[in-house]
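> Go ahead and model the full structure; you've got the sequences and the hints to work with.
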Amino acid sequence: MWADEAYRRLLGALALLVPVVAALVLYETARGAGPSLRVFGWGFLVSTDWDPVAERFGALPYLYGTLVSSAIAMALAVPFGIGSAVFLAELAPPRLGAVVSFVIDLLASIPSIVYGIWGLFVLAPWLRSAAEPWLTAHVGFLPLFQGFPFGIGMLNAGIVLAIMVVPTVVSISREILLATPRSLREAALALGSTRAEAIAVAVDAARPGILGAAILALGRALGETMAVTMVIGNTNRISASLLAPGATMASVIANEFAEATGKLYLSALVEIALVLFALTVVVNALARLLVVATTGGRRDVAGAA
Amino acid sequence: MTRAFDLFYGAHQALRSVTLEVPSNSVTAIIGPSGCGKSTLLRSFNRMNDLIPGVRTAGQVVVSGRDVYAPGTDVVELRRRVGMVFQRPNPFPKSIFENAAFGLRLLGIRDRGELEARVEQSLRRAALWDEVRDRLGRSALQLSGGQQQRLCIARCLAVEPEVVLMDEPAAALDPTATARIEELVLDLKKRYTIVIVTHNMQQAARISDRTAFMLMGALVEIGDTRRLFTSPREKLTEDYITGRFG
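For the protein sequence lines, the chains are A and S, in the order given.
Numbers 1 to 305, taken from my numbering, label the letters of the first sequence in order.
Numbers 1 to 246, taken from my numbering, label the letters of the second sequence in order.
Don't take each hint at face value.
[Said to hold, decoys possible] Each pair of labels, with its calculated beta carbon distance range:
{"id": "1", "chain 1": "S", "residue 1": "Arg-138", "chain 2": "A", "residue 2": "Leu-107", "range": "40 to 46 Å"}
{"id": "2", "chain 1": "S", "residue 1": "Gly-243", "chain 2": "A", "residue 2": "Leu-107", "range": "56 to 62 Å"}
{"id": "3", "chain 1": "A", "residue 1": "Trp-2", "chain 2": "S", "residue 2": "Gly-243", "range": "51 to 57 Å"}
{"id": "4", "chain 1": "A", "residue 1": "Arg-195", "chain 2": "S", "residue 2": "Asp-67", "range": "42 to 48 Å"}
{"id": "5", "chain 1": "S", "residue 1": "Asn-25", "chain 2": "A", "residue 2": "Asn-284", "range": "55 to 61 Å"}
{"id": "6", "chain 1": "A", "residue 1": "Ala-137", "chain 2": "S", "residue 2": "Pro-71", "range": "49 to 55 Å"}
{"id": "7", "chain 1": "A", "residue 1": "Pro-133", "chain 2": "S", "residue 2": "Pro-53", "range": "45 to 51 Å"}
{"id": "8", "chain 1": "A", "residue 1": "Ile-110", "chain 2": "S", "residue 2": "Asp-130", "range": "58 to 64 Å"}
{"id": "9", "chain 1": "A", "residue 1": "Pro-181", "chain 2": "S", "residue 2": "Asp-67", "range": "27 to 33 Å"}
{"id": "10", "chain 1": "A", "residue 1": "Ala-196", "chain 2": "S", "residue 2": "Pro-71", "range": "18 to 24 Å"}
Since the hints were derived computationally from the structure, they do not count as laboratory data.
For each residue, glycine too, the CB sits at the ideal point set by N, CA and C.
In structure tokens:
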């Protein structure tokens, strides 16, 4: 009897530890950001100033950089990821599917600095000499693809991020598709569906889980630091063009933390961390709402949020 | 109907030269112990066995004068003519309306009025309309098991099939829901040709006009249901219906 009770309390304490750590992180970050919060207030989020000498700090370029690089990553990774998950789960011969999935899972375990080096030495020269000139020549009427082809910049960061998060999208979506009941496909086929229409039914049934996979990928993209720092160019400017260099919240912290000598400077960087923390929470909350809104809150399919 | 139909799963022969005729607008029950091939036979009428790797067939399955295993058969079109209801209710995770409308949308029907009319008609035929008329937009998964199965029947009826195949449609349901499905089957035979697989002999006796008894992939006996249950011609049939094995 007492053993049950002790066991229950032990597990309860362990379970509580996780939210407690999260709360402590939040508390410490908020405390560190205190001086900057008091000096700049909400203006911190809308100012584009970043002048350590004059001690004027505004995080908008970094907020923008984080959102845009992650948006590029999602725009590339989600369609590719869902496409290959559907192929691996529904169309590929089972053995091929298992092998390819294993290789894709390996991709997820490559350290991010390796991706950064690849982005810097392989992707950047290619973007500079081939892809970006082509983009300016053919779709250069869009502000998104104007300006000098640097090679490094927002586009490079977005592509590297996409490659880094695509394994998350693929492997989770594939698992979810494999977990959808066979009976749904049979029902669709028995009603005179083509194979493609039956697969569409399965994908639709797996939608909450696939959305969940995309959310997880987005979370990783928002916080990714090392690879992005290496390929984004690190300037605190907001440019309409994706070819231009920029910076993200994570990259500016990584770049400037060691040299942040002033108290306010350091505090401003910690506040950026706080904003990043809040952003990921908000994105996750919105994504969850989206899942609920698009599925009517059903939880019938494995992996629903 | 089938003529000398064989079906193999790899090296295993699941159906041995089965020949049986299914009269239209009647209920034909297929009974037999587990593994006797009755579901396999049922799934030959709409070629659902095609989904299993390594399946080979010989002989003919003729639906409305056409051999469904003839080369060049449009399987998608065949399955629109030969509907199927499965053992476990398998509604799509969509609204009740969208479930019933699924086959209609596959046919390319976009007109809202026509969709609504045909959804209502099929739900009425499946004796579900009165229970769901005011909540067509709700998820089909909120229905009870029996309601879900009737929704699956409605979904199948919506595309106006000629034949409805039922694979133990009440096996996963409680007695009340089972009784409703049975009533429904009796009602549906006015419009459709029904082939139902069941391992419940009382059910076969209650709802079918003709009964086929299968054993180990072969058709042992087929005949008028009352005759088959009261004076079976084959010793094996008699042993089975009197419960000597099964």
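> Could you tell me whether the CB distance from Ala-137 (chain A) to Pro-71 (chain S) stays inside 49 to 55 Å?
holds, 52 Å
> Take the C-beta atom of Arg-138 (chain S) and the C-beta atom of Leu-107 (chain A), compute their distance, and say whether it sits inside 40 to 46 Å.
holds, 42 Å
> Lying within 45 to 51 Å: is that true of the beta-carbon distance Pro-133 (chain A) to Pro-53 (chain S)?
holds, 49 Å
> State, for the Cβ atoms of Trp-2 (chain A) and Gly-243 (chain S), whether the hinted interval 51 to 57 Å holds or is violated.
The hint (51 to 57 Å, Cβ to Cβ) holds, given that Trp-2 (chain A) and Gly-243 (chain S) are roughly 55 Å apart.
> Given the range 58 to 64 Å, decide if the beta-carbon distance of Ile-110 (chain A) to Asp-130 (chain S) lies inside it.
holds, 60 Å
> Using the beta carbons of Arg-195 (chain A) and Asp-67 (chain S), state whether their distance is inside 42 to 48 Å or not.
Given about 23 Å between the Cβ atoms, the range is violated.
> Taking 27 to 33 Å as the stated bounds, is the beta-carbon spacing between Pro-181 (chain A) and Asp-67 (chain S) within them?
Since Pro-181 (chain A) and Asp-67 (chain S) have Cβ atoms about 32 Å apart, the given range 27 to 33 Å holds.
> Return holds or violated for the Cβ distance of Ala-196 (chain A) and Pro-71 (chain S) against the range 18 to 24 Å.
holds, 22 Å
> Per the hint of 55 to 61 Å, is the separation of the Cβ atoms of Asn-25 (chain S) and Asn-284 (chain A) within bounds?
holds, 58 Å
> Tell me if the beta carbons of Gly-243 (chain S) and Leu-107 (chain A) are separated by a distance inside 56 to 62 Å.
holds, 60 Å
Against the hints set out earlier in the document, a violation occurs for number 4 only.
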